[in-house]
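Enquirer: Below are the chains, spelled out letter by letter.
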Amino acid sequence: MTAITISNEDFLKFKEFFYRKTGILFDDSKRYFVDKRLIERIQATDSENFRSYFTMVRFEASGNEFQNLVNTMTVNETYFFREEYQFKCLVESLMDEIVSHKKDKSPIRIWSVPSSSGEEPYSIAIYLLEYWSGINDWDVEIMSSDIDTQIIEQAKRGHYSARSVQHLPKPFLAKYFRHENDGYQICDDLRSAVEFSRVNIMETSEVRAYRNMDIIFCRNLLIYFDDASRRQVAEIFYDAMKVGGFVCLGHSESMSRISSLFRVRKFPEAIVYQKPLEHL
Amino acid sequence: MKHILVIDDAATVRLYHRGILENAGYSVDEAINGIEALEKALVKPYDLFIVDVNMPKLDGYGFLKEFRRQDDALQSPAIMVTTEASGSDKQLGYMSGANLYITKPIKPNELVNYARLLLGETL
Amino acid sequence: MAFIKKTATPIHCTEHDERHTERDFADLVAELGAENETARRWAVRDLTPLPDASQPLVARLAYEESASVRAAILNALAQIGDHAAIAGLIHCLRSEDAGLRNEAIEVLKAIPQHVEPVIHTLLNDSDSDVRIFAVNILESLRHKDVEKWLIEVIEKDPHINVCATAVDLLSEVGTERALPALKQLKIRFEDDPYICFTTDLALKRIEDGSQ
Ligand SMILES: C[S@@+](CC[C@H](N)C(=O)[O-])C[C@H]1O[C@@H](n2cnc3c(N)ncnc32)[C@H](O)[C@@H]1O
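Chains as they are written, first to last, in our numbering: chain A, 1 to 280; chain B, 1001 to 1123; chain C, 2001 to 2211.
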């Protein structure tokens, strides 16, 4: 077997393709990292060379290999306070703007999907309790869904490894967790603050029940989807949201690869996307 | 150094514009469509925009209209680039906030001269 | 703590529900012209699975001003994918409205198999912009003839921007087969710096990649 190599032009071709699909741009300093992972995937799929692999990824209807590719090219670990700047944006900008548009005292609804093992929705709850004074005046509903029932059970249980909580400030760890069986058990107050459910985000019939959301967190999911599915989810979110509501995506994701239904809003802490308040 | 944002969905066109403008001494960033351009231009100030008309998600007119609404953003000049400039296209371009309208294919000196003109530099 | 827990409310319980169930075709068609944007979106959604939905959806598209309803209609047409739907989407390529044109291209790109039967006609359209859009659609088309069509474009199309778009795509999908036509194109438009730049790039990518 001859060794598989990635030529300079192959790298440029791949770089443009990956940027077009995901918005992630590798500069030349990432060349070694990209080549190494590409060769891994070429071998794992028994492809003959870069060209045959590239053609397969571009046209594969299931999109499975594209998902594998995104997986190897991005960091994929969920933990407490991951992408914290976005939670800062939530408590310093988004919540107050949502409140300013509200005409009644109905609860503010936040949907975190996919929940994965629960670190994200629990982080939202902790942030709101610790940093948003409005929590004393407003009711907040936090819903969180995932397609995987096993991972939802894990999220409900709320038992985490040391690694998963390593970015939490120590006082919060002491306040909201119990050290237990070489891990950390989240307190019942937080467990009861989040409603977990199983949902396939692609199924219109399953998401119909989720309505009037003020804020949707959808991080590190759509990057794995193909163009048509991304558009479909954007439609689903649009219908699930209140006018003026916000969508927060993962830090390596961009609405520019998903949909034009939402307005780009810049806050000091982050870029988020808004269901337009008025007709554009 | 002045910063220019090149907005075009075709990778080759972005590369071409980048080469020309970097040669002329500017620093260049790229965006693939109007939404990515907004994401970038709202975060980093640019001195000039080179904007393609036809792009997925948000076209050139849409980008300029939305960008021009944001009053806390640096409202720098924009050159619209199109494949076929009919009278009504041009009018739409100016209405959305373009300062100049040029037709593809573009010659390097044409792009640089217009950039200099809009940046208020002497030739 | 002011967190409250509520399981997602089933749709029929929500206060502002503009979606009326149990509507027949004629009601839904009428609803496409409703005042309220949300109601129009739901009419589009509910019409989509019904037979003969394409025609009223295409008809509404011509007047629809709301971007979100337009997006819903375009997605619906792509999902239906019958003759009338595809014809309606292709008609958008000629629209004066750049937004609509570009959205239609995106949607057509997502369903290349439906566009394939007409791609040849589009590549020979009298409007050069439509030909450019057709080349754009080829990007996502998995068909053994894509490269052949692109080669034909750069051999025969008189319009420089149509050729330029085809060369862009060839630099990603082209093989040795495209080399002679690319070299020929460079001679045909030797005075144009952009064509020289883009053909050189495509030649380099193909030659280097195949080693
Ligand atoms: C990479 S994790 C993202 C976790 C978390 N939001 C974060 O950013 O760290 C992806 C999760 O998406 C879930 N998922 C995949 N497809 C889904 C779908 N169609 N609907 C809902 N969840 C899905 C998986 O079960 C998995 O838990």
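Hints may contain errors.
Pairs of lysine-lysine, DSSO-like flavour, derived with a Cα cap of 30 Å [unchecked claim]:
1. B/LYS1107 / C/LYS2144
2. C/LYS2144 / C/LYS2186
3. B/LYS1065 / C/LYS2156
4. B/LYS1040 / A/LYS21
5. B/LYS1090 / C/LYS2148
6. B/LYS1002 / A/LYS30
7. A/LYS266 / B/LYS1107
8. C/LYS2156 / B/LYS1107
9. B/LYS1044 / A/LYS30
10. C/LYS2183 / A/LYS103
11. A/LYS105 / A/LYS21
12. A/LYS266 / A/LYS21
Chain A is faced by these chain C residues, among others (derived, beta-carbon under 8 Å) [unchecked claim]:
13. PHE2003
14. GLU2035
15. ALA2039
16. GLN2055
17. ALA2059
18. ALA2071
19. ASN2075
20. ARG2142
21. LYS2144
22. LEU2169
23. ARG2188
24. LYS2204
These aren't lab readings, by the way, just hints derived from the structure by calculation. Cβ atoms here follow ideal geometry from the backbone N, Cα and C, with glycine treated the same way.
Enquirer: Would the hint on C/LYS2144 be counted as holding, given a Cβ-Cβ threshold of 8 Å to chain A?
Expert: 11 Å, violated
Enquirer: Check whether the Cα positions of B/LYS1040 and A/LYS21 lie no farther apart than 30 Å.
Expert: OK: B/LYS1040 and A/LYS21 at ~17 Å, within 30 Å.
Enquirer: Do the alpha carbons of C/LYS2183 and A/LYS103 lie within 30 Å of each other, as the hint requires?
Expert: Given pair C/LYS2183, A/LYS103 is violated - Cα atoms ~66 Å apart, limit 30 Å.
Enquirer: Is the straight-line distance between the alpha-carbon of B/LYS1002 and that of A/LYS30 30 Å or less?
Expert: 26 Å, holds
Enquirer: Hint validation: C/ALA2071 versus chain A, beta carbon distance must be below 8 Å. Holds or violated?
Expert: This hint holds: C/ALA2071 lies near chain A, its Cβ roughly 6 Å from the closest one there, short of 8 Å.
Enquirer: Quickly compare the C-alpha distance for B/LYS1044 and A/LYS30 to 30 Å and report which way the hint goes.
Expert: 23 Å, holds
Enquirer: Tell me if the interface restraint on C/ASN2075 is satisfied: Cβ within less than 8 Å of some Cβ in chain A.
Expert: Where the cut-off is 8 Å and the nearest Cβ of chain A is about 6 Å from C/ASN2075, the hint holds.
Enquirer: Within a Cα-Cα threshold of 30 Å, do A/LYS266 and A/LYS21 meet the stated pairing?
Expert: With Cα atoms ~23 Å apart, A/LYS266 and A/LYS21 stay inside 30 Å; holds.
Enquirer: Straight-line Cα separation of C/LYS2144 and C/LYS2186 no greater than 30 Å?
Expert: 25 Å, holds
Enquirer: Does C/LYS2144 sit within 30 Å of B/LYS1107, going by the straight-line distance between their CA atoms?
Expert: Not OK: B/LYS1107 and C/LYS2144 at ~35 Å, beyond 30 Å, violated.
Enquirer: Does the CB of C/GLU2035 sit less than 8 Å away from some CB of chain A?
Expert: At about 12 Å, which exceeds the 8 Å cut-off, the nearest Cβ of chain A leaves the hint on C/GLU2035 violated.
Enquirer: Please check whether C/ALA2039 passes as an interface residue: C-beta within 8 Å of a C-beta belonging to chain A.
Expert: With a minimum Cβ separation of about 12 Å from chain A (threshold 8 Å), the hint on C/ALA2039 is violated.
Checked against the numbered hints above, the structure violates hints 1, 3, 5, 7, 10, 11, 14, 15, 16, 17, 21, 22, 23; every other hint is satisfied.
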